[in-house]
Every structure is written in structure tokens, then in C-alpha cells.
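Order-wise, the sequence lines are chains A and B.
Using this note's numbering, the first residue of the first sequence is number 1, and each one after it goes up by one.
Using this note's numbering, the first residue of the second sequence is number 1, and each one after it goes up by one.
Among the clues, some could well be false.
Per the computed footprint, the stretches of chain B lying under chain A, defined by three or more beta-carbons under 8 Å from a beta-carbon of chain A, are [stated by the list, open to error]:
| hint | segment |
| --- | --- |
| 1 | 75–82 |
| 2 | 85–91 |
| 3 | 107–119 |
| 4 | 125–133 |
It is worth saying that the hints were derived from the structure and are not from the lab.
The beta-carbon is built from N, C-alpha and C at its ideal position, and this holds for glycine as well.
2 protein chains.
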Amino acid sequence: MLDLICLDADDTLWHNMRFFAAAEEALLAMLAPFADAGIAREAMAAAELRNLAHYGYGAKSFTLSMIEAALDLGGDALPLSAIREILAAGKTLLAHPVELFDGIEDTLDQLAARARLVLVTKGDLLHQETKLAASGLGSRFAGIEIVSDKTPDTFRRLFARYDARPERCVMAGDSMRSDVLPALAAGAWAVFIPQAGAWAHEAAAPPEDRARFATLDRLADLPAWIDRIA
Amino acid sequence: MLDLICLDADDTLWHNMRFFAAAEEALLAMLAPFADAGIAREAMAAAELRNLAHYGYGAKSFTLSMIEAALDLGGDALPLSAIREILAAGKTLLAHPVELFDGIEDTLDQLAARARLVLVTKGDLLHQETKLAASGLGSRFAGIEIVSDKTPDTFRRLFARYDARPERCVMAGDSMRSDVLPALAAGAWAVFIPQAGAWAHEAAAPPEDRARFATLDRLADLPAWIDRIA
Chain A
1 MLDLICLDAD DTLWHNMRFF AAAEEALLAM LAPFADAGIA REAMAAAELR NLAHYGYGAK
61 SFTLSMIEAA LDLGGDALPL SAIREILAAG KTLLAHPVEL FDGIEDTLDQ LAARARLVLV
121 TKGDLLHQET KLAASGLGSR FAGIEIVSDK TPDTFRRLFA RYDARPERCV MAGDSMRSDV
181 LPALAAGAWA VFIPQAGAWA HEAAAPPEDR ARFATLDRLA DLPAWIDRIA
Chain B
1 MLDLICLDAD DTLWHNMRFF AAAEEALLAM LAPFADAGIA REAMAAAELR NLAHYGYGAK
61 SFTLSMIEAA LDLGGDALPL SAIREILAAG KTLLAHPVEL FDGIEDTLDQ LAARARLVLV
121 TKGDLLHQET KLAASGLGSR FAGIEIVSDK TPDTFRRLFA RYDARPERCV MAGDSMRSDV
181 LPALAAGAWA VFIPQAGAWA HEAAAPPEDR ARFATLDRLA DLPAWIDRIA
């Protein structure tokens, strides 16, 4: 029935946002003398959004945006120690342990029995490779695609590369904006598996046409859903 | 005769080092109150090397290492304006114009008549994609491979992905360390096209076994060299 099961990685296979959130909390604490947490959070979100076109996604971009937000809010009163602490927080972020979601290996085995698995993730090339290696999950995937962004064209090219017909592909992940909508636009099925604490940038209205769309509580529910649509 | 002609991008198809060198010159000027140019250059090289395992290659890593080097040398006397200037220099680096080497389109056409062309480049995913798009050269390549590092395994996997036998592949680029040696180790031919001002990190002793190795002055000499080995 399916040619390809495409899976997001961060916050779909393993925890991710909690580490970015921890780095941001450290930033807010550093900036407490200059701005309350709400203002600081807004300055950080603005820096990230402004820098996306320059830096793209990932922990290095996040680190550079933290520095920019700190300079914006602290002005000339910002202590240099804050810059040092931000660099350290960025390196901690790049080195965080990979904590798999419960039962993920079993779920991947079940999915792999149904179709070829492809990991589709955006972010820093080296960081994503490092996390995948640390996860021990690499051998379960027929392909690893680390991309600069997830657009309909990203999925069209990916399906073509694997000789897969879009209507025989499914993409599952925690981002409505990056996983669900572009996969649907490319003609595939898409499954939304929301996570608490997601980055606001990744939010979007759900699709109007829900024929090939579902929301599931956990990735562990995906094999049974695939059996139902088959 | 050949299955695949693999080409490096930065300083093989287009200018690159001159933009990193300009950013470094700006850094040295900022740090002039704290250290002479030689010391500052060494601090920057040390920061880059120390950070490679964390950050990988590319302009964002370079920016973060510039900040670290400035903090190392300036200590608590470093003005915050230096951090702002480094962030700006990093963004300039990410947005530099793509300046093709002379005659590169004609050379690629000649090479494409001999085998499939694959671009093999390391650095920031988004930055390399952006440069390739700006170059207008993308359609000449059968494949684009943006990798976190160039190791013998990188080339082995790449040749397998394109169903190419290593002894029927050639890799050409300006780095002895990243283009020539790993491609030879993977069983391919390799062509070294040195450029003035190359990063010391990319230097290495030439291979002892030169049966499948050549040094050429310009990429434009590659088609004729391929005809000679055929």
C-alpha cells in the first residue's frame, strides 16, 4: 500500500525542544537585569525570525540569535560574561544527550515492516548527523535526508529520488508548518503528532482538506493508522 | 570511461576564501588594540580548530569562532561593539556575491559531455544551497551532495548512491585534505587544483601513490586530463 514512510526526527523520535527551552531559560536569566522574561522572549523570537533567511534552522543559528537578542536588550550595559555564557549554552545545546521517546525502536520496527523508512529533518547538518549516530536508529532507515527547509518542493524531490508515488507516501511529525502542510501539498498523506512546548514558528492552521490527514497522540499509533488507511 | 565526475564548489567553481579572509581581516583590525595580527590570527585558527567538532564547517561556525577568539584576546576590555561588528561580518560573509571562476560554465559543459557531474561540498547547508542557486550552475549537475565532512566513507557512500564504481570516478578540488586524499582512499581518481590563500587546515602532504592523482593549474584543464587517462 505505501512506498515510503517519512518521519521527522526532533520531537518526533527524540526530545529536542526541551534543550532549546533550557538554553532560552538561561538567556532570560542573563537578561533579567535588562528586561522581564516576556520582553526577552519576544526579543529572542524576533531575532530568530529575522535571522532565519540568513542562518537557517538549528542550534548554531539559535546561538547567534541569542547573542543578537542579548545585545538588543542589554545595550552597552550587557556584561561580556553574558556572551561567554551564551556561547557555552550553545555548545551545551549541540552536545545534549539524545533521549528517545518511549518505545520508539519497537515502533520503527513495526513501521519498517510496512514500507521503507526515510528520516527527514532540518537543522545543522553536523548536529543532526551526530544526534542520529547517538540515537542508534540509523540502520532502521532506508534514507536520511537532512534539508535546509521542508517545502512542498522538498517533498516532491524526495519522493522522486526514492521512486515513490506521492499518494503512496506518508510524512509524520510534530510540525504542522514543516511536516504536515508541505507533505500534503506534495500529494502525500500527513500525520500530525503534536508535542507540548513546540516552537510557535512551526505552528500553522490545520489543512482544510483532511482526506489524507490525521492527528495522532503518539508515533506508536502510526502503524495501526497505516493499516486502517490501507 | 568515467561514471562520475565529482567537483568541489568553494574555490573550485567560485571564489570563497577571499570572503573569509576579508572577515578575518576585519576581526584583526578590531583586535588590534589587544594583539598584533599574527597573534590574533593564531587565536582565530585555534578557536576554529577547537570548535570544528562542535560546529562543523561553514560561515556560521566561522562567526562563532570569531566571537570566541575576540573574547579570548580582548578579555574584559573587549568593547561590545566588536561583538556587533563580528555578527555583521558574519552576515556579510553569508551574503557574499557568487563570483564564478573564469570560463567555468564552458568547462562544466565539456565535463558533462564526459560523465555525470556531482557537486560535493561541505559547509552550512542553507549557505551552500543559496550559493549554488545564485551561481546558476545547478542544472548542470546530476546530483548535489552537501556533506558535513569529506572522508573516505563519504565518497564510498556517494559512489554507491550513484551506482558508480570508484575506479570510474574522479574528484577534483582545491583541498588536498578534503578532496584528494579521501577520494583516493575510496578508490577513485583525484585531481588537486590548488588556490592561493587556502585555509591551512585543508593542507596535507600529497599522496605517495600517484597512479590516480594529478595536480592541475585550472579546472579548465580537467577535460583534457580526463581524455588522457581514458
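Against the structure, test the hints numbered earlier, and report the numbers of the ones violated in rising order.
3
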